[in-house]
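A.B. asks: Using the sequences and the accompanying hints, generate a full structural model.
Number of protein chains: 6
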Amino acid sequence: MKRMVGFGDMMLRLGPPGYLRFGQGNCFMCYYTGAEANVCASLAIMGVETDFVTRLPDNAIAQCAIGELRRLNVGTRHIVFGGDRIGVFYVEKGASQRPSKVIYDRKHTAISTSSPEDFNWKAIFDGAGYFHFTGITPALSEGMPAVVEAACRAAKEAGVVISCDLNYRKNLWTTEQAGKTMGKLLELVDYLIANEEDADKVLGIHAPDSDVIAGKLSRDGYTQVARRLVERFPNIRGIGITLRQSISASDNIWGAMYFTEGTAYFSREYNVHIVDRVGGGDSFAAGLLYGIGTGMSPQDTVEYAAAASCLKHSIELDVNLSTVAEIRQLMAGDGSGRVQR
Amino acid sequence: MKRMVGFGDMMLRLGPPGYLRFGQGNCFMCYYTGAEANVCASLAIMGVETDFVTRLPDNAIAQCAIGELRRLNVGTRHIVFGGDRIGVFYVEKGASQRPSKVIYDRKHTAISTSSPEDFNWKAIFDGAGYFHFTGITPALSEGMPAVVEAACRAAKEAGVVISCDLNYRKNLWTTEQAGKTMGKLLELVDYLIANEEDADKVLGIHAPDSDVIAGKLSRDGYTQVARRLVERFPNIRGIGITLRQSISASDNIWGAMYFTEGTAYFSREYNVHIVDRVGGGDSFAAGLLYGIGTGMSPQDTVEYAAAASCLKHSIELDVNLSTVAEIRQLMAGDGSGRVQR
Amino acid sequence: MKRMVGFGDMMLRLGPPGYLRFGQGNCFMCYYTGAEANVCASLAIMGVETDFVTRLPDNAIAQCAIGELRRLNVGTRHIVFGGDRIGVFYVEKGASQRPSKVIYDRKHTAISTSSPEDFNWKAIFDGAGYFHFTGITPALSEGMPAVVEAACRAAKEAGVVISCDLNYRKNLWTTEQAGKTMGKLLELVDYLIANEEDADKVLGIHAPDSDVIAGKLSRDGYTQVARRLVERFPNIRGIGITLRQSISASDNIWGAMYFTEGTAYFSREYNVHIVDRVGGGDSFAAGLLYGIGTGMSPQDTVEYAAAASCLKHSIELDVNLSTVAEIRQLMAGDGSGRVQR
Amino acid sequence: MKRMVGFGDMMLRLGPPGYLRFGQGNCFMCYYTGAEANVCASLAIMGVETDFVTRLPDNAIAQCAIGELRRLNVGTRHIVFGGDRIGVFYVEKGASQRPSKVIYDRKHTAISTSSPEDFNWKAIFDGAGYFHFTGITPALSEGMPAVVEAACRAAKEAGVVISCDLNYRKNLWTTEQAGKTMGKLLELVDYLIANEEDADKVLGIHAPDSDVIAGKLSRDGYTQVARRLVERFPNIRGIGITLRQSISASDNIWGAMYFTEGTAYFSREYNVHIVDRVGGGDSFAAGLLYGIGTGMSPQDTVEYAAAASCLKHSIELDVNLSTVAEIRQLMAGDGSGRVQR
Amino acid sequence: MKRMVGFGDMMLRLGPPGYLRFGQGNCFMCYYTGAEANVCASLAIMGVETDFVTRLPDNAIAQCAIGELRRLNVGTRHIVFGGDRIGVFYVEKGASQRPSKVIYDRKHTAISTSSPEDFNWKAIFDGAGYFHFTGITPALSEGMPAVVEAACRAAKEAGVVISCDLNYRKNLWTTEQAGKTMGKLLELVDYLIANEEDADKVLGIHAPDSDVIAGKLSRDGYTQVARRLVERFPNIRGIGITLRQSISASDNIWGAMYFTEGTAYFSREYNVHIVDRVGGGDSFAAGLLYGIGTGMSPQDTVEYAAAASCLKHSIELDVNLSTVAEIRQLMAGDGSGRVQR
Amino acid sequence: MKRMVGFGDMMLRLGPPGYLRFGQGNCFMCYYTGAEANVCASLAIMGVETDFVTRLPDNAIAQCAIGELRRLNVGTRHIVFGGDRIGVFYVEKGASQRPSKVIYDRKHTAISTSSPEDFNWKAIFDGAGYFHFTGITPALSEGMPAVVEAACRAAKEAGVVISCDLNYRKNLWTTEQAGKTMGKLLELVDYLIANEEDADKVLGIHAPDSDVIAGKLSRDGYTQVARRLVERFPNIRGIGITLRQSISASDNIWGAMYFTEGTAYFSREYNVHIVDRVGGGDSFAAGLLYGIGTGMSPQDTVEYAAAASCLKHSIELDVNLSTVAEIRQLMAGDGSGRVQR
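Read top to bottom, the protein sequences are chains A, B, C, D, E and F. Mind the numbering: the first sequence is residues 28 to 368 in our numbering, read in order. Mind the numbering: the second sequence is residues 28 to 368 in our numbering, read in order. Mind the numbering: the third sequence is residues 28 to 368 in our numbering, read in order. Mind the numbering: the fourth sequence is residues 28 to 368 in our numbering, read in order. Mind the numbering: the fifth sequence is residues 28 to 368 in our numbering, read in order. Mind the numbering: the sixth sequence is residues 28 to 368 in our numbering, read in order.
Simulated from the structure, these hints should not be mistaken for laboratory data. Be a bit skeptical, because a hint or two may be false.
Each pair may be met inside one copy or between any two copies, as identical chains are not told apart.
Mimicking EDC-like on lysine to aspartate or glutamate, the simulated pairs with C-alpha atoms at most 20 Å apart in a straight line are [said to hold, decoys possible]:
(1) K134 <-> E169
(2) K197 <-> D361
(3) K128 <-> D303
(4) K128 <-> D111
(5) K128 <-> D361
(6) K228 <-> E214
(7) K134 <-> D111
(8) K29 <-> D361
(9) K228 <-> D153
(10) K29 <-> E214
(11) K134 <-> D85
(12) K243 <-> E258
(13) K197 <-> D85
C.D. replies: What follows is the structure, encoded as structure tokens:
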């Protein structure tokens with residue numbers, strides 16, 4: 028699979044250890060993360076060459092973030108410096124009926140104050156095969172849609188395949204803003220990834236017979252969602268949708284659909300006992316792109332992506348640290364969790 | 028809701044982190060807690076003005092306990108100083124078939140050696156609306172029943188509503204002692220709280236067709252228990268009973284009954300994956316009193332109290348750190364644990 | 028029950044805390060352990076006098092291992108010193124569909140380079156009643172089968188009952204090597220312990236109608252396995268087999284069979300929510316030997332052993348820290364995990 | 028001593044434990060702090076009634092900060108809510124020749140976007156005796172000088188004594204901006220606190236014969252600095268200056284001067300082995316104000332303030348947790364550190 | 028050296044990690060300790076057979092204490108069970124000018140409610156060579172002097188050498204009570220250990236020209252103290268006195284005197300950078316007894332004891348984990364702290 | 028400065044946190060390190076392109092080591108896989124008079140069983156400017172001298188400058204073995220680095236008037252050592268020697284000499300309060316090579332190298348995380364440790 032370029036925000040994730048609430052204890056676990064960076068990292072662990080592009084302040088905390096990317100084997104040479112701050116978000120892990128809580132402090136960050144000319148996309152895309160961004164990046168500030176669009180146009184020009192995860196964040200923009208901006212960007216996109224709510228929130232396309240809060244998901248409904256997405260954006264060659272049924276903060280049922288060339292492929296479903304679900308969607312995107320990039324069949328692609336993201340739920344923090352071998356073993360049906368010696 | 032006064036013991040809770048047993052590792056998590064203090068803290072988080080009354084030794088460890096109460100917004104101005112020691116208890120968290128273990132070291136504490144004149148109840152109850160104590164406080168020493176009775180009589184005089192959680196502790200007194208002392212105190216009580224075993228142990232009133240160890244609980248049985256309690260103590264205006272079915276140390280089914288004006292109201296049941304169940308009863312008491320104090324309907328009261336204490340089971344340590352908004356969300360049916368961003 | 032002697036390896040177990048993967052964080056929990064040492068420790072906690080025999084390098088890390096044995100009340104006076112290193116193994120705890128991972132670094136250890144004359148078996152077995160070893164010990168190096176055989180012959184001479192846990196480790200030797208060596212040693216063994224795979228791997232005796240990966244276990248099948256084992260080794264007086272159905276790395280169904288005098292006895296089954304499953308087999312062996320050594324009936328023996336090892340799964344690290352009273356309480360049917368105050 | 032009001036920023040302090048650098052390990056110790064909040068907290072521990080005024084976002088992290096203030100017995104009822112974020116700063120503790128490092132991320136915070144009308148100063152100063160602010164608060168944004176000036180004018184009107192710690196921060200504003208703004212505010216100030224560099228940086232008044240980097244401080248020089256300050260601001264009744272000689276990040280010599288009514292009083296000097304020097308200046312300000320507010324002699328005032336801040340250097344994190352008794356013991360000459368049983 | 032028997036209290040030591048104060052953070056390091064137990068443990072590490080005798084409650088926390096003794100190779104077979112509680116003490120480590128703080132909660136413990144007949148001294152002393160107790164043990168309750176005296180008389184009868192560390196604790200008894208009780212017990216003692224204050228506090232014998240708080244110690248003065256002690260108690264064959272000059276809580280000068288047969292021997296002095304000074308006196312007692320028990324010359328004895336206790340100050344928690352080889356290396360003059368590979 | 032290649036071992040460093048001894052607590056801090064890897068990492072942080080070459084087993088622990096190298100920006104593309112194990116070493120940090128203790132378990136590692144043809148030196152040195160190895164690498168096994176010699180010859184052929192740190196390890200080989208092997212390898216070396224003992228131990232060249240244990244070092248003596256080294260190995264263009272005076276495990280005096288073209292240059296001396304001294308020599312080597320590689324004057328070179336390694340002593344674990352700017356600041360004389368905001 029050719030080199031993948033990700034573009035987006037990089038933040039410091041902070042949160043109390045285990046199941047403590049924010050006010051309990053005197054330390055926060057810390058980690059450096061971002062939706063697109065997570066996709067790059069997951070692909071890097073699968074053996075794909077990647078480059079993550081962002082803008083970071085020139086300080087020691089940003090250097091920690093870059094060091095972490097390097098550790099995960101993600102390319103960092105195209106990261107540019109400037110601006111005042113790295114974003115921060117706070118995660119309190121939920122359990123049982125208590126939901127996880129995320130508080131974002133990501134305004135005024137280095138990337139959100141960037142402009143199109145900060146990035147040399149021609150050099151960045153030289154020799155690249157894939158470009159990935161999410162709906163978070165254009166939502167970061169008023170100037171960011173233009174920055175993302177410039178990246179997409181440069182990618183198109185370079186013959187690079189573009190993937191986008193809708194990733195709607197209600198505290199960054201309204202559904203109207205999201206719909207308008209993403210509607211325009213999606214005309215440039217080849218592969219679309221979404222979760223069970225995104226299409227509804229961003230594009231007003233919802234799955235009949237499904238009720239996300241009640242955990243009721245309809246296979247037919249999501250097939251129709253995909254069909255309508257392709258009708259509106261005929262440029263889209265494939266759509267991956269994660270299907271999460273939340274039993275509680277501790278237990279979910281997890282599966283996925285991949286729609287391509289008019290047909291919907293569904294993965295097996297997993298009863299997931301959750302260690303950390305942050306980054307679940309990103310790990311699915313990485314799995315889907317790996318399947319597409321390595322030429323798997325549509326059914327194998329969705330199975331691989333579902334297995335990858337199933338494993339992510341058993342891993343602390345945001346990045347899916349699973350290898351191809353580990354994912355394939357689960358994909359092959361061994362979810363028994365027997366000790367590997 | 029008017030100011031609530033709690034009276035009782037405050038202890039240092041110690042225990043190994045996670046699921047380690049007492050002898051594993053070289054640190055104990057520490058926390059300052061007590062049954063009535065937990066009720067005050069939970070109500071304070073719900074926005075109710077509270078005062079916790081106790082007697083503590085004049086040392087730096089007791090100051091830590093007071094600091095923790097202040098942090099939780101519980102009033103501490105009526106705490107008096109004297110005596111030798113703060114109590115200690117050791118908690119080893121169970122899992123699966125292994126039960127949690129609690130070792131108490133609460134004899135000879137500052138409060139257990141207090142006398143009625145240590146507390147200026149007239150000043151304490153000035154402007155207060157509620158007084159809460161549990162069956163633990165009179166059990167702390169031979170002198171304590173008189174101290175508690177003095178508090179109750181002062182509360183009655185001040186027109187303060189009295190609530191009591193039976194909270195039988197077999198290592199503090201015998202069922203006979205408990206029955207005699209509590210039987211007398213209950214004649215002063217307006218609202219009674221108990222768990223599925225207390226009424227049986229303290230007052231000899233047991234629920235037919237129920238077997239607590241086997242996890243079999245009968246709705247009719249507990250309605251009869253409540254009826255008989257009201258027959259014996261006609262002064263009691265409402266009875267809340269928690270109904271716990273222990274599948275294992277990791278999983279419980281949790282619900283509650285509220286009996287008032289001749290009718291029993293049952294909450295929905297929750298499948299709880301336990302983070303820490305210590306303080307579950309206290310959080311129920313706080314929820315029930317909040318429902319009563321803010322004028323909820325009986326059904327809403329029991330649903331609120333059950334949802335509050337359901338959430339407590341997902342929170343580390345003894346205090347229910349849930350806000351009214353969080354409890355109302357679960358009460359409204361969203362127990363899916365989906366991430367709150 | 029008379030003194031039990033265990034002989035085998037002692038290693039340093041290292042692994043990240045909680046559910047972190049190897050590369051996450053900057054500390055490893057550390058513990059000193061070994062299959063036979065775990066059996067000795069579990070029996071010592073049950074009140075049985077034990078001695079653990081091994082060879083360790085003369086350094087401060089080995090002294091930590093010995094200190095840990097002493098803490099657990101295991102006799103250490105027959106440990107001999109020499110060689111270069113103590114073995115190390117790395118454990119990454121799995122969860123949900125992600126399996127636990129164990130990496131061994133146990134070659135060239137002090138014990139693996141020992142020779143029969145390093146141990147004064149005559150003195151060691153003086154007054155002892157039981158000798159326990161596992162299939163790991165002869166697998167440690169080419170010279171070890173002779174060392175183990177010498178120990179067994181000395182035990183036989185001293186009238187000591189010999190027990191052996193097959194414990195096949197595929198990264199130590201091939202099934203052929205194991206079959207040849209163990210086939211010879213088993214002729215000296217009185218009690219045999221195995222898990223659902225060992226007999227198949229080591230001796231080529233498999234349970235019909237069972238599929239371990241799919242979690243399908245057949246009672247009849249395992250009875251046949253036992254029967255065939257006794258046919259081949261008529262000296263074997265009893266066979267204990269653990270029966271694990273792996274739902275996931277977080278949840279297992281656990282039970283056991285004890286076959287003696289032509290009859291198979293099955294324990295009740297437990298739905299286990301796993302804290303740490305390493306050492307599960309060792310805790311079963313200890314339970315079984317305790318039942319045999321204290322003269323329990325075969326049914327009680329298997330129930331005791333199954334309850335003991337069920338509890339082990341709820342305990343961190345390798346040793347079953349459960350007391351006889353705790354095991355008997357579960358054996359008697361109380362697996363409700365209600366708080367013990 | 029009458030109630031003290033502090034006004035300023037409240038931030039989340041983050042940093043690796045011990046002497047680790049930012050990129051080492053995966054957790055940050057966390058604490059909630061601010062220059063004026065530290066002064067309030069230190070006075071509260073000394074038994075003075077205090078109120079800390081700030082503006083915080085309405086989220087769970089800000090609630091943690093407020094809880095911490097409450098724990099320290101600082102009044103929080105005048106804190107107002109609004110704005111987007113709480114500031115963050117990162118501290119890496121130095122040792123030996125390696126300096127401590129602080130990275131601020133305090134722009135766009137709730138307080139920096141506040142306006143004069145956000146605070147009801149009339150109510151806040153009702154019954155108060157003292158008002159304290161530092162040079163950090165007006166530096167937080169372009170609008171903040173007006174907010175601080177409004178507070179000072181309201182304090183003056185209410186007859187409240189005003190104290191100010193110059194606290195120059197070069198990454199918040201230039202010396203020119205600081206000089207202009209602080210020059211105006213100091214006309215309203217009764218007591219001024221500064222460290223060995225502030226007067227030079229902010230007001231261009233430097234101590235002859237002193238070289239801060241080389242650790243050379245001149246008593247006469249600092250007396251002249253004080254004299255010139257009083258010449259320029261005749262409203263100032265007292266000036267406290269801390270005198271730090273940095274031997275290394277681990278060892279400092281610490282003392283102070285108090286200048287009042289034309290005379291300079293010098294404290295004894297302490298050889299300080301540093302645990303955490305952040306908040307050293309704040310603890311000096313609190314000590315000085317306590318001396319002034321409780322009517323100590325000028326010599327006692329400076330000795331008390333120096334002893335208080337000497338002890339702070341032996342305490343982790345920003346707040347001086349020393350009691351009056353502890354400070355008086357050191358002030359009385361017992362710095363031997365003998366165990367207090 | 029023949030077997031040493033220690034008799035005294037065993038407590039749980041609790042305290043925040045590093046230099047945190049009691050109210051900071053949410054965990055306490057925990058350890059099981061006692062003055063005489065520390066002496067036994069130190070001797071056990073030096074290779075001496077020891078037995079520690081105490082009375083403990085029959086619970087899991089006491090079992091942890093016993094396990095820790097076993098880990099340190101201290102004999103525990105003569106520990107008896109009964110009573111309600113194990114004592115607790117809280118330690119906050121000081122630094123620089125801030126003293127360490129110890130809060131005791133050791134009343135009503137199992138040992139303090141023991142009676143002479145709880146211990147079978149005849150069996151305990153069978154084959155023993157040494158008996159050690161401290162001035163803490165008779166101070167634990169009104170009944171304890173009789174218990175200690177019974178032990179001493181039994182020791183004398185068995186021909187066992189008795190050593191006593193004066194160890195005055197002002198929160199356990201007054202100097203008058205101590206003087207009266209210890210004066211009587213010392214008539215049975217062969218070797219006496221004291222620190223620079225004990226003889227003054229307990230027996231009213233003080234060193235001229237010495238001022239402990241100011242850190243001024245006079246060699247002649249302490250020689251006179253020893254002389255007067257021997258005059259009063261001619262049965263005493265040797266007296267060891269530790270000589271601590273407290274520069275600060277971080278730095279001490281440490282040395283010792285051993286007085287025997289009319290001559291005072293002084294050790295070299297050590298500039299100690301303190302890690303944990305709790306247990307320093309106990310480690311000196313152990314070192315002195317080792318020197319005496321193994322027949323060292325008086326000068327070697329005091330050098331060994333001083334070197335042993337010097338090393339203890341560099342070790343966390345109460346027990347001197349130094350081996351004979353490590354102590355001899357320092358005694359031989361190598362205090363350079365160069366890495367041992 | 029041109030690319031630097033390092034070749035040597037990579038190990039897992041384990042040790043208890045803070046000043047705990049090996050047997051205290053239940054976790055070990057873990058880190059991946061090696062003498063040459065540390066030099067590469069330090070240079071990478073200074074902005075030099077580096078490649079570390081080693082042989083590692085193909086397992087997850089080795090992957091952690093590689094990830095750590097990547098995080099530090101060290102090139103890892105020439106690492107080869109094979110063999111059984113990664114080495115382990117255990118570090119117990121000393122304090123005051125207690126020395127640090129290191130236990131090695133580095134036999135039979137992947138690299139020690141490598142052969143010359145495992146490494147493609149031609150490709151490795153393509154475009155490189157420097158090659159660094161230490162005396163540890165040829166000492167790892169009997170086969171390693173040939174492997175190192177092959178590397179050196181290939182370096183020579185490629186016109187790469189060779190540096191060597193003598194780094195004598197007495198538990199790997201005898202002084203005779205070391206002298207013979209190193210004597211041969213040094214004929215290929217351009218720059219030699221040694222500490223105050225190495226030349227004596229390996230080559231029998233000692234500094235008159237110096238006594239390392241007593242901390243007495245003679246400038247003239249070390250100049251003579253350098254002169255004699257150059258006489259014996261005229262190919263050597265420069266010699267760096269670190270000069271450590273060990274006051275205690277907590278405090279050292281640290282300086283260095285650089286000898287080139289017949290002249291000895293001495294750095295200033297630093298009074299170092301030690302955080303972690305492991306890796307001190309490696310950080311000196313990196314500093315020296317940086318000075319040489321960037322064309323500093325000999326005096327600046329030795330000052331830079333001494334300042335770099337002085338800072339290392341204040342940093343936890345093995346790698347000098349100091350930047351060029353930080354080192355230059357200390358080199359310029361600012362060792363006051365004042366906070367950098």
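A.B. asks: What hint numbers does the structure not satisfy?
C.D. replies: 8, 9, 10 and 12
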